[in-house]
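Using the hints, position chain E against chain Y.
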Amino acid sequence: MTTPDVTRGRAPAPEPTPVRRRRSPAAWVRRGGLSALVFALPLLLVFGVFSWLPIGRAVLMSFQETNLITTTWVGLDNFRAVFADPLLPQALRNTAWFAVLALLFGYPVPLVAAVLMSDVRRLKGLFSALAYLPVVVPPVVAVLLWKFFYDPRPEGVFNSILGWLGAGPFPWLQDQTWAMPSLVLEATWAAAGGTVIIYLAALTSVPAELYDAAEVDGASIWRKIWHVTLPHLRGVLLITLILQVIGTAQVFLEPYLFTGGGPANATLTILLLIYRYAFGQSLGADYGQATALSLLLAVLLAVASLAYFRLTRRWSTS
Amino acid sequence: MTTTAAGSHAAAHAAAHGAATGAAGGNLGRGEGVQSRALAGRPAHEGPGSSSGRGSRRRRRARDAEADRGILSEADWRRPLVRRGMSTVHLVMLVLLVIWGIGPIVLLAKFAVTPTQDILRTPLAVFPNGIAWGNLAEAWNDVRVSHYFLNTVWVAAGSWVSQVVVAATGGYVLSVLRPRYAKALQWAVLATLFVPAVVLLVPLYLTILDPPVGSSMLNTFWAVWLPAGASAFNVVLVQRFFDSLPREVFEAARVDGAGPFRLFWSIVLPMSKPILGVVSVFAVIASWKDFLWPLLVLPNPDLQPLSVRLPSLQGSTDMGVLMAALAISTIIPVLVFLVFQRLFLRGAGLGGAVKG
Numbered sequence: 001m002t003t004p005d006v007t008r009g010r011a012p013a014p015e016p017t018p019v020r021r022r023r024s025p026a027a028w029v030r031r032g033g034l035s036a037l038v039f040a041l042p043l044l045l046v047f048g049v050f051s052w053l054p055i056g057r058a059v060l061m062s063f064q065e066t067n068l069i070t071t072t073w074v075g076l077d078n079f080r081a082v083f084a085d086p087l088l089p090q091a092l093r094n095t096a097w098f099a100v101l102a103l104l105f106g107y108p109v110p111l112v113a114a115v116l117m118s119d120v121r122r123l124k125g126l127f128s129a130l131a132y133l134p135v136v137v138p139p140v141v142a143v144l145l146w147k148f149f150y151d152p153r154p155e156g157v158f159n160s161i162l163g164w165l166g167a168g169p170f171p172w173l174q175d176q177t178w179a180m181p182s183l184v185l186e187a188t189w190a191a192a193g194g195t196v197i198i199y200l201a202a203l204t205s206v207p208a209e210l211y212d213a214a215e216v217d218g219a220s221i222w223r224k225i226w227h228v229t230l231p232h233l234r235g236v237l238l239i240t241l242i243l244q245v246i247g248t249a250q251v252f253l254e255p256y257l258f259t260g261g262g263p264a265n266a267t268l269t270i271l272l273l274i275y276r277y278a279f280g281q282s283l284g285a286d287y288g289q290a291t292a293l294s295l296l297l298a299v300l301l302a303v304a305s306l307a308y309f310r311l312t313r314r315w316s317t318s
Numbered sequence: 001m002t003t004t005a006a007g008s009h010a011a012a013h014a015a016a017h018g019a020a021t022g023a024a025g026g027n028l029g030r031g032e033g034v035q036s037r038a039l040a041g042r043p044a045h046e047g048p049g050s051s052s053g054r055g056s057r058r059r060r061r062a063r064d065a066e067a068d069r070g071i072l073s074e075a076d077w078r079r080p081l082v083r084r085g086m087s088t089v090h091l092v093m094l095v096l097l098v099i100w101g102i103g104p105i106v107l108l109a110k111f112a113v114t115p116t117q118d119i120l121r122t123p124l125a126v127f128p129n130g131i132a133w134g135n136l137a138e139a140w141n142d143v144r145v146s147h148y149f150l151n152t153v154w155v156a157a158g159s160w161v162s163q164v165v166v167a168a169t170g171g172y173v174l175s176v177l178r179p180r181y182a183k184a185l186q187w188a189v190l191a192t193l194f195v196p197a198v199v200l201l202v203p204l205y206l207t208i209l210d211p212p213v214g215s216s217m218l219n220t221f222w223a224v225w226l227p228a229g230a231s232a233f234n235v236v237l238v239q240r241f242f243d244s245l246p247r248e249v250f251e252a253a254r255v256d257g258a259g260p261f262r263l264f265w266s267i268v269l270p271m272s273k274p275i276l277g278v279v280s281v282f283a284v285i286a287s288w289k290d291f292l293w294p295l296l297v298l299p300n301p302d303l304q305p306l307s308v309r310l311p312s313l314q315g316s317t318d319m320g321v322l323m324a325a326l327a328i329s330t331i332i333p334v335l336v337f338l339v340f341q342r343l344f345l346r347g348a349g350l351g352g353a354v355k356g
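The listed protein sequences derive, respectively, from chains Y and E.
Heads up: the first sequence begins at 1 in the numbering used here, then just goes up one per residue.
Heads up: the second sequence begins at 1 in the numbering used here, then just goes up one per residue.
Here chain Y stands alone, though its shape is the one from the complex (with noise of 0.2 Å):
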């Protein structure tokens, strides 16, 4: 109690020397160490406990195995494990080939939309809001229905339209061939009108002196998009390719729903033989071998992002 008291008394006389305030408790309380330190808890926490403490114990798993009550280091097996699963290649190969689709799909189609719908002068709000309309559709609810809509019978919903022009009846989710572009189909459904509109707040930022100058060197239409309107999107094209090359990467809704990775593992993708490994096994769960593939996975991914910003900064500078 004597402690205090002195720090308090002294307290005015040695405002200019910081270093000997910080060391007393006391001080530390009366200069807001204490109630920042009560602010800053609900963040310490919920990320200690649920974030960093989890990234951590991530790490260590992946050298392990565990079932909950005894825990062994196995150094290098369950990587080797990963490795020698023959599902693996198929699980990366279909993953890229979602992501490639999910880029074909889902890339031009909402920036063409967006260059298009910024010059709508009647409706605008109503244009945006058709457009992301399917994003607030539960994602569970919109795999369900669209399921019903791949219904292989001739009198699927799908199957119905395009027999009106003449086509199908197609297979849709049945056939090994067919199934990955129709979950991305309905993949790029739920989520291309978020992009869209990520799109049209980009466009209200650029200049309209830059138009305008364009018109006065008496540029087209063509040429304003050219030269003005991509060259300043191209900051977030670049950041929405990646994001959406790192989202499909995770992907798990659409295949789990869909077809539980079939047929004949057309559509297994890493994160749903991840699950496999930890949940989805019967004969007990290998928590260790799961954590192995999604570090694996996360250094992929990381390092494809550094190159890729790496290379795309050289490009955008030059």
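It is worth saying that the hints were derived from the structure and are not from the lab.
Here the structure is a predicted model, which is why all the values come from computation and not from measurement.
The C-beta atom is built at its ideal place from N, Cα and C for all residues, glycine as well.
No false leads were mixed into what you were given.
Pairs of lysine to any residue residues, derived as SDA-like cross-links and limited to a Cα-Cα distance of at most 25 Å, are as follows:
(1) 273/E to 262/E
(2) 147/Y to 276/Y
(3) 273/E to 190/E
(4) 183/E to 263/E
(5) 110/E to 154/Y
(6) 273/E to 169/E
(7) 110/E to 99/E
(8) 183/E to 24/Y
(9) 183/E to 48/Y
(10) 273/E to 35/Y
(11) 147/Y to 129/E
(12) 183/E to 306/Y
(13) 273/E to 175/E
(14) 273/E to 263/E
(15) 273/E to 343/E
(16) 147/Y to 126/E
(17) 147/Y to 312/E
(18) 147/Y to 316/E
(19) 147/Y to 136/E
(20) 110/E to 136/E
(21) 147/Y to 113/E
(22) 183/E to 29/Y
(23) 183/E to 250/E
(24) 110/E to 158/Y
(25) 110/E to 122/E
(26) 273/E to 37/Y
(27) 147/Y to 134/E
(28) 183/E to 26/Y
(29) 183/E to 37/Y
(30) 147/Y to 117/E
(31) 147/Y to 120/E
(32) 273/E to 332/E
(33) 147/Y to 121/E
(34) 147/Y to 100/E
(35) 183/E to 251/E
From chain E, some residues computed to sit far from chain Y (all C-beta separations above 10 Å):
(36) 130
(37) 147
(38) 150
(39) 154
(40) 157
What follows is chain E alone, placed relative to chain Y:
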């Protein structure tokens, strides 16, 4: 949050990347300016450049077109070829967007009140054998959609509280109070943005089974609520918003004798309604959409939210009732979106601004 959250988590990635490249003076950091403008400068209700410009349309037209023009200039619009061409393009787009945006939802609504036999035999015919309103009642009562629906609401509400509390207090510490460890803390939070959700899946599950303190959280809502709070994206968003608030106000309040709690409650929180609105929208949407995480930590069907429950209804109920259940779980988010459209679209655009 740990699941397919390509949306928010991926956006979070971007925020970090943007921050990193911005700090390094890279070209991608250009978006930073856009972002701070979007966060700070835009008025709470309607900005001049807002993409959902309904209310301001007339004003905007009356004003000089200069200020808020698109790619086409007034001169372009006066050319009949351009005007007719663009009108056609926009009309075609509107039709496509209606098919894209409303088509599947209208079909779902139709299926929800169609007898199962008709759904299976003639899915596109318009009620050949009458309307089956009974589907809805059966789904709501017999399949207990009402119960799971309440679970969904409960899960979303708790996740919302935990995200807003962590983001607001965390942002306040990092931006306003700035204790000596703030920098380290900020990096620790930012670092989690670079860790993809998939890495957390298994270790987080084991943490829920066997937390550092207390007993297993499996089959409790806490297992969903608390991890939801650990969203670095929210913290960064709120912190950047607080950074943009005028320091003079804080100083004035301090001079008037406001302590950190008073400053937080009476000054910072009232000023941060726009950003907390955005965080809230993100939080509720994310938890409404979440599937894998609640599936893992809530194996007890009585506790499962609707999204987790729906797939298991597939086998046990007939098509009409399943469609009714799907429709019921769609109607609330769609209605909420239509009412708070502007907030949603601004939030989505904001995600993009952070990305930029």
